[in-house]
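Each chain, written out:
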Amino acid sequence: MGNPVIYLDNNATSKTAPEVVEAMLPYFGEFYGNASSMHSFGGMVAEVMKKARKQVADLIGAEPEEIIFTSCGTESDNTAINSALMSNPSKRHIVTTRVEHPAVLNYCQNLARQGYEVTFLPVDRQGNLDLGYVENAITDDTALVSVMWANNETGVIFPVEEIANMARSKGALMHTDSVQAVGKVPINLAKTNIDMLSLSGHKLHTPKGVGVLYVRKGTPFVPYINGGHQEHGRRAGTENIPYIVGLGKACELAAQNMDEENTRVKALRDRLEKGLLKIQASMINGDPMHRLPNTSSISFEYVEGESILLMLSDLGICASSGSACTSGSLEPSHVLRAMGVPFTAAHGSIRFSLSVYNTEKEIDYVLEHMPGIIKRLRDISPFWNQKTATG
Amino acid sequence: MGNPVIYLDNNATSKTAPEVVEAMLPYFGEFYGNASSMHSFGGMVAEVMKKARKQVADLIGAEPEEIIFTSCGTESDNTAINSALMSNPSKRHIVTTRVEHPAVLNYCQNLARQGYEVTFLPVDRQGNLDLGYVENAITDDTALVSVMWANNETGVIFPVEEIANMARSKGALMHTDSVQAVGKVPINLAKTNIDMLSLSGHKLHTPKGVGVLYVRKGTPFVPYINGGHQEHGRRAGTENIPYIVGLGKACELAAQNMDEENTRVKALRDRLEKGLLKIQASMINGDPMHRLPNTSSISFEYVEGESILLMLSDLGICASSGSACTSGSLEPSHVLRAMGVPFTAAHGSIRFSLSVYNTEKEIDYVLEHMPGIIKRLRDISPFWNQKTATG
Amino acid sequence: MWEYTDKVKKYFTEPVNVGEIEKPDGVGEVGSLACGDALKLMIKLDDQGRIEDAKFQTFGCASAIASSSALTEIIKGLTLDEAEKVTNKQIADYLGGLPQEKMHCSVMGEQALEAAIRNARGLEPLPSLEGEVVCQCFGVTDKEIEKVARTN
Ligand SMILES: Cc1ncc(COP(=O)(O)O)c(C=O)c1O
Ligand SMILES: Cc1ncc(COP(=O)(O)O)c(C=O)c1O
Ligand code: FES
Ligand code: FES
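Those sequence lines, one after another, are chains A, B and C.
Just so you know, we're using this note's numbering here: the first sequence kicks off at 8 and counts up by one.
Just so you know, we're using this note's numbering here: the second sequence kicks off at 8 and counts up by one.
Just so you know, we're using this note's numbering here: the third sequence kicks off at 60 and counts up by one.
If you're looking for bench data, these hints aren't it; they were derived computationally from the structure.
Source: prediction; values computed, not measured.
Each residue gets a CB set at the ideal place from its N, CA and C atoms; glycine is no exception.
Zero decoy hints are in this set.
If you only want the chain C side, here are some residues facing chain A, beta carbon under 10 Å, derived:
#, residue
1, Val77
2, Glu88
3, Ser91
4, Leu98
5, Lys99
6, Phe115
7, Thr117
8, Phe118
9, Gly119
10, Cys120
11, Ser122
12, Ser127
Model the full assembly from the supplied sequences, consistent with the hints where possible.
Written as structure tokens, this is what we have:
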């Protein structure tokens, strides 16, 4: 590509931190034991897993025994939902939202097809939930309330702690997909009524392929991946030691970087938005008052997201349109549709998601080139001409 | 430990090959794209995944589109069984064996508790299946026949190709857990009626945390991990690129090493067995005519496996008793019990599993020390004294 | 990113024949803003009835924009009868191929051309074929895809 890469797609996946790579490396070579086996290799490995479990637990205010290592955020989400249903076979109802990640949304849609009752809560134009709706949706038949902590596309933050209280008082379990919130929002599970929480390493600067499901002590649990009794029988499959060690390190770093995320990174994001909003017919999606510090979903009306991305890509700038997961097709993002973002804007929406590795220079480079890109695409677009002709 | 490590526990997990580490490394640092996303990083990543998919497919005589990357062998096994049931909702019967790995066995036991009918086929004293039994067990109601290609504890190889023909002729799907067979037994799926096959990277010298489910083109498939549409909608969760790249490389190496496994490694294993059988009251478990070239399950009567392991471990020798998975508890292995190995022998069984990284010198070191270890333990054992006193 | 050929990239970043023709002889419009893809094609005929100029405006992905550029290049100099035979596959071939998932983007070109030719001949625009909408992108129906698939 020639250009240095400006990576602004951290909500999709993030760069592996050098410290994380360093922490993992010994476990590819010298040590190759199996945490569950008898010989001393296994013993060393059990030690490092214990340390990693503690590092993860500390970041979210949990006990080490409450941490189950999984292969990804998706698996954590699927496992939590399945477990809630299997351990409460008499309850057939789930409450979730229309703006969840597909790992929750698709799983719940499948359940609905299998005869479970699922309430998909709507959001308003700002992407917020109505807590009155949430409360009303939970019934005696509700096995699980699964509401994400922060949205991956818009960064909008939900009041999951309050929702957990509602769930608890109605006898339902509460799960939160906090894949995007961890490391950006302070989380102290001990002080909440949240029963299960999912997180994913590769949003926290580990490689892709490791996640965590937190399950509060005493919460009934049924495993999803069954086999050997790794993870105290809660997740079978030989443990991915290097990534688990890496995730421990990443959680330690995340705790250290949380302040920077909420000051310097936030300032960069705000600078980016302020600059981009100068482009005609552009707008931010998602409540600016309840948002992750690193995320910006911005729409440029009358142009198409993929085209913008490609032009950015030519300049070495990585971002995404909608979520990376769905950008294979040109359907406008389900999140923006749920928010009622008009089609003209939903199609032309770009998500920039920053990390502590970004610099002001990078943001200024984007601001320098974006107006030209939008102009070129609008010049080709039949609608823009119409609009400017009529409007 | 002091001593150089002699690693003879490759059926539990294997050393990551230096070539595999080297192949993976670039994907921790420079590249951190998301295979599904739009920017050019994603593009490069899609290329390397394509190559890895081809490398895996080539090792087992499959088409690249038939390869689904998963997080481990356990997940592959669970996924295959779930898929067969979900895509044939009218059929409620599964045929499997008593000697499967827990990833199949426990999953099927759970299904039995949920009301599915499961036939657990017995094996004889040599660990072999009776093909007449297998044929009789498959009925019109059978959704799936799941039989492992090679046993992880004894190395006994099952005639899965013939069993696949039986399943096909009765309209049932056939899955084989070939986690232990891949790389040791030539596999050409194109020439078989096998519908699904599981393999796991860490038995092939990748790190733990990547597996494959092969699903024959045209075989109905229902995903187990649901969410984004990675792996063409067949396995959600952001792809673990480094490990996938590593697995591709490992499969290429496995193809190159298959001859050596069946000549030099086999000769080492045979040398080990010949030497160990000189010890009084010792015996090999599993049909010597149908066995993996690298595996030896050997029983020393009247001593306890864990004690042997610990003494070996003190000398830097890593092996296992039963399977690593179950060695956390002292129940004798379900495989040896299914074979009717007497308790006196089952408790004192050790599995040595070799790899191309082992040398003759290492084997001779084991042979040098094993008689002393067994003698010391038998001297302590009340049963041995009784036996020698009476016999 | 999609595995686009260099030609697709070129016709996307430097599209040719963008814009509007004053007093066109034929105009074809397909797609809509709601669908996320739309193409407006304008053609002008010379005295011999050959297409002497073609211009387009596209709202859509890179393949859609590149396909539109390619289409206008292909049809210049053709008679309406000749142009009528241009298929989406020709458009894709002109670009050195399109990713499988993006073949439908060239279909939009073929449809816009068909509409522009009808318009130039003074015929009413075709009602869209009936059938289930399978491609949310721009409301391609399964019947239309079947038709295109058969010609490919
Ligand atoms: C026969 C067999 N099947 C499945 C597995 C599970 O593989 P993994 O550890 O990758 O989940 C193993 C290894 O432990 C095995 O030996
Ligand atoms: C909110 C949210 N949940 C779940 C996931 C899935 O995580 P993973 O890719 O680790 O499966 C993601 C990331 O794609 C996400 O953003
Ligand atoms: S005596 Fe120690 S495990 Fe049984
Ligand atoms: S026109 Fe390209 S995806 Fe629809």
